[in-house]
Amino acid sequence: MLRQGLSLAVLLAATLGLLVPVGAQQSAPQLPVFRSDAHFVTVDAYPLRDGKVVEGLTAADFTVEEDGQPQAIENFEFITGTEVPAENARRDPNTVRESMLIAADARTRAFVVYLDIPHVSIEGARATRGPLVTMLNALIGENDLFAVTTPNQPPHTMAFARKLVSAEDMLTRHWAWGTRGSIVRTPLENEIEQCFPADNQGQEGWIRDGAILRPVADVLIDRAREEQTLQHLEDFVIYLGQIREGRTSVVLFTEGWRLFNDDGGLTGVTGRRPPQCDQHLIRYANINLQSRFREILARANRSNVTFYPVNPSGLATFDLPISQRQLGTGNRADFALRQNSENISNRSSSMQTLAENTDGLAVVNTNDLKAGLLRVSDQLRAYYLLGYYSSNRKFDGKPRRISVKVKQPGINVKARRGYTAPTEAERTARSAAASAPAGPKGPSAIEAALDALSRIRPSAEIFVHATLGAGPAGKLTVVAEVSGPQLERGALQRGGTLDVTVTGAGGAELAKGQVGVLATSRGGVVIMDVPPGTTQASVSVMLRAVPLTFLARTDVSRDTGAVIGGPLIYRASPSSRSPLLPVAGFDFRRTERVHVDWPITGPLDRREARLLGRNGQSIAVNITLTEREVDGRLMLGLDALLAPLAPGDYVIEVTATIGTTTETRLVGIRVGS
Numbered sequence: 007m008l009r010q011g012l013s014l015a016v017l018l019a020a021t022l023g024l025l026v027p028v029g030a031q032q033s034a035p036q037l038p039v040f041r042s043d044a045h046f047v048t049v050d051a052y053p054l055r056d057g058k059v060v061e062g063l064t065a066a067d068f069t070v071e072e073d074g075q076p077q078a079i080e081n082f083e084f085i086t087g088t089e090v091p092a093e094n095a096r097r098d099p100n101t102v103r104e105s106m107l108i109a110a111d112a113r114t115r116a117f118v119v120y121l122d123i124p125h126v127s128i129e130g131a132r133a134t135r136g137p138l139v140t141m142l143n144a145l146i147g148e149n150d151l152f153a154v155t156t157p158n159q160p161p162h163t164m165a166f167a168r169k170l171v172s173a174e175d176m177l178t179r180h181w182a183w184g185t186r187g188s189i190v191r192t193p194l195e196n197e198i199e200q201c202f203p204a205d206n207q208g209q210e211g212w213i214r215d216g217a218i219l220r221p222v223a224d225v226l227i228d229r230a231r232e233e234q235t236l237q238h239l240e241d242f243v244i245y246l247g248q249i250r251e252g253r254t255s256v257v258l259f260t261e262g263w264r265l266f267n268d269d270g271g272l273t274g275v276t277g278r279r280p281p282q283c284d285q286h287l288i289r290y291a292n293i294n295l296q297s298r299f300r301e302i303l304a305r306a307n308r309s310n311v312t313f314y315p316v317n318p319s320g321l322a323t324f325d326l327p328i329s330q331r332q333l334g335t336g337n338r339a340d341f342a343l344r345q346n347s348e349n350i351s352n353r354s355s356s357m358q359t360l361a362e363n364t365d366g367l368a369v370v371n372t373n374d375l376k377a378g379l380l381r382v383s384d385q386l387r388a389y390y391l392l393g394y395y396s397s398n399r400k401f402d403g404k405p406r407r408i409s410v411k412v413k414q415p416g417i418n419v420k421a422r423r424g425y426t427a428p429t430e431a432e433r434t435a436r437s438a439a440a441s442a443p444a445g446p447k448g449p450s451a452i453e454a455a456l457d458a459l460s461r462i463r464p465s466a467e468i469f470v471h472a473t474l475g476a477g478p479a480g481k482l483t484v485v486a487e488v489s490g491p492q493l494e495r496g497a498l499q500r501g502g503t504l505d506v507t508v509t510g511a512g513g514a515e516l517a518k519g520q521v522g523v524l525a526t527s528r529g530g531v532v533i534m535d536v537p538p539g540t541t542q543a544s545v546s547v548m549l550r551a552v553p554l555t556f557l558a559r560t561d562v563s564r565d566t567g568a569v570i571g572g573p574l575i576y577r578a579s580p581s582s583r584s585p586l587l588p589v590a591g592f593d594f595r596r597t598e599r600v601h602v603d604w605p606i607t608g609p610l611d612r613r614e615a616r617l618l619g620r621n622g623q624s625i626a627v628n629i630t631l632t633e634r635e636v637d638g639r640l641m642l643g644l645d646a647l648l649a650p651l652a653p654g655d656y657v658i659e660v661t662a663t664i665g666t667t668t669e670t671r672l673v674g675i676r677v678g679s
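Counting from 7, one number per residue, gives the positions in the sequence shown under our numbering.
Just so you know, not all the hints are guaranteed correct.
List of simulated lysine-lysine pairs, BS3-like, C-alpha gap at most 25 Å [as the list claims (entries may be wrong)]:
(1) Lys58 to Lys413
(2) Lys404 to Lys420
(3) Lys420 to Lys58
(4) Lys58 to Lys411
(5) Lys420 to Lys376
(6) Lys404 to Lys58
(7) Lys420 to Lys481
Derived CB-CB ranges, DEER-like [as the list claims (entries may be wrong)]:
(8) Lys376 to Asn418: 18 to 26 Å
(9) Gly274 to Asp384: 48 to 56 Å
(10) Arg550 to Arg300: 38 to 46 Å
(11) Arg344 to Pro580: 43 to 51 Å
(12) Gln520 to Pro281: 35 to 43 Å
(13) Glu635 to Gln237: 40 to 48 Å
(14) Glu430 to Ala514: 36 to 44 Å
(15) Thr597 to Pro538: 29 to 37 Å
(16) Arg135 to Arg300: 52 to 60 Å
(17) Arg583 to Arg298: 17 to 25 Å
(18) Ala78 to Asn267: 22 to 30 Å
(19) Leu107 to Ala479: 39 to 47 Å
Worth flagging that the hints you see were computed from the coordinates, not collected in a lab. Being a predicted model, the structure only gives us computed values, none of them experimental. Glycine included, every Cβ here is placed at the ideal spot set by N, Cα and C.
Given these sequences and hints, build the entire structure.
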């Protein structure tokens, strides 16, 4: 069941991301006039009476204050999605970039279904399918966007779409996505279990979890799962704040969290074990998830994200599954029942706190999931979009508080609570964009580099990257890398062999190559000569790692650079002595170092490099550039530590000059947690 849950988000994201639009897009919204001396703020307001949005209000009915100062409402609009179209009338964005552009429009309603896989049981997951699909079909309008995500999916890979048929199909086929209470473990959880085995007498490997005696491994795994989900939620709301100013409504299916704090009793667990086991013990014994939860609330308000937590399991008597109710191993039944009740109360309280502090609604303590989701749907059917130019003319990057009220009595207003003011640098960029000549234009070099990342399939078992050097005799370099999930399953524990076949037009074979792949690596590199004059080729890869075989292919064109060629990317630990492992998937962890080699045609007169964010702004990180010879080829090498970066997509920009010729190359990388 665990593998079903882990794959659900990947399948949904892949399916939603590949949908093709039919017909014309919606008309462009009327944008406010740009003013370089003031920041325009959009505020979504939901005036509610008896749980439903009040219609027929005018701008004169609203008052808006920023940090206590009244603001003049410049734009006013009532947006509704009640006219739900037929499925074949919905039109999807064609690319991830296009969906992001649509999502950035404050007039576009955006919904996210968040499936908290580790904190929903199989029974709860089964209960969500029918009511969730019914709610989405009744709620999503023609111009609305929605997405599905889980704690296992990096936020930047989330794809917004408009069609619901794919989501409905996936939820039908993968109804058992919840893994809470499952006996199947992730690799990390298996390692924790091996570190802390428990006997059958409630002695060795057991500890008090409140009033309940439980295996140490189970307690640590609960803590690890909560940390994973809350870390993902924090990254998730940060990402939404980066791509949208308008409200994002998140329907979060979870059974809640206990919000663990540090536990000195865990650090006192005795026994002989490997050092990495003590690292797990210290890490999860000293977590402070209540503090992280408060940070999520603050970030959600700054990012204009509203949560609607839903407990799909309804009313519960026991917090722990039957397999962990160890009443015969030193537990008193009355204490255990009391502790179970306290745990359930804490989980429910965390959901209610999340909803109340983000202007959402919690569906808890009820077995009528359909009625609960109907209440959520009633609050989301329509809203008022207000716009004003902030009277605070400072561009200081500081947080601002927003308060919205309605003059009519008996109306409770839920509205955007605040935002972060732009900086002077952002103001300059906006001014330049506003003064740029209008007209169609293709994606920028940065957007092209980021689009290359968006085309990488998260579900792929193997990644391939190829470069064909400039000049008639330029060599072909092929990198193949096994995906992280396959490595965790032991795909390369015995090593393997990488075979590469290169074909030209008409399928004629141009070259073949083979290299051994070590168990300590993630893949291999094959460098080959191809016939002079080859400008394009197709590369087929077969990596044999008994008993598995991975197949992939890619196309490659000859580089035309006069100074610098295509990049070869590697990962390594922060140590300068650590081996360089070839990368084809372009994804990294923050604990790693990225190394990039660009072939150069001769000694450089000038060289420089920057790391850019999605917005094109330079990020201050330490970058080292060196020129050296590698396998007989002159290379420009770059090294950068990723620890200072937040999870997300970035672009490495390098500029090199020989004589009067200057060239710039960009490569996108993805940094996880």
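Measure nothing beyond the straight line between the CA atoms of Lys58 and Lys411; if it is 25 Å or shorter, mark the hint as holding.
-> holds, 16 Å
With a cut-off of 25 Å on the C-alpha distance, tell me whether Lys420 and Lys376 pass.
-> Since the Cα atoms of Lys420 and Lys376 sit roughly 23 Å apart, the hinted pair holds (cutoff 25 Å).
Does Lys413 lie within 25 Å of Lys58 when you go C-alpha to C-alpha?
-> The hint holds at about 17 Å.
Hint says 35 to 43 Å; check whether the CB-CB distance for Gln520 and Pro281 agrees.
-> Roughly 39 Å apart at Cβ, these two residues keep to the hinted range, so it holds.
Cβ distance range 48 to 56 Å for Gly274 and Asp384, holds or violated = holds, 51 Å
Is it true that Lys376 and Asn418 lie within 18 to 26 Å of each other by Cβ?
-> Roughly 24 Å apart at Cβ, these two residues keep to the hinted range, so it holds.
Holds or violated: 38 to 46 Å for the Cβ distance of Arg550 and Arg300?
-> violated, 51 Å
So does Glu635 sit 40 to 48 Å from Gln237, Cβ to Cβ?
-> At 42 Å between Cβs, range holds.
Holds or violated: 39 to 47 Å for the Cβ distance of Leu107 and Ala479?
-> holds, 43 Å
Lys420 paired with Lys58 [C-alpha distance capped at 25 Å] | With Cα atoms ~11 Å apart, Lys420 and Lys58 stay inside 25 Å; holds.
Under the criterion that the straight-line Cα-Cα distance not exceed 25 Å, is the pair Lys404, Lys420 satisfied?
-> holds, 23 Å
Does the Cβ-Cβ separation between Arg344 and Pro580 fall within 43 to 51 Å?
-> holds, 48 Å
Violated hints for the displayed structure, listed by number in ascending order: 6, 7, 10, 14, 15, 16, 17, 18.
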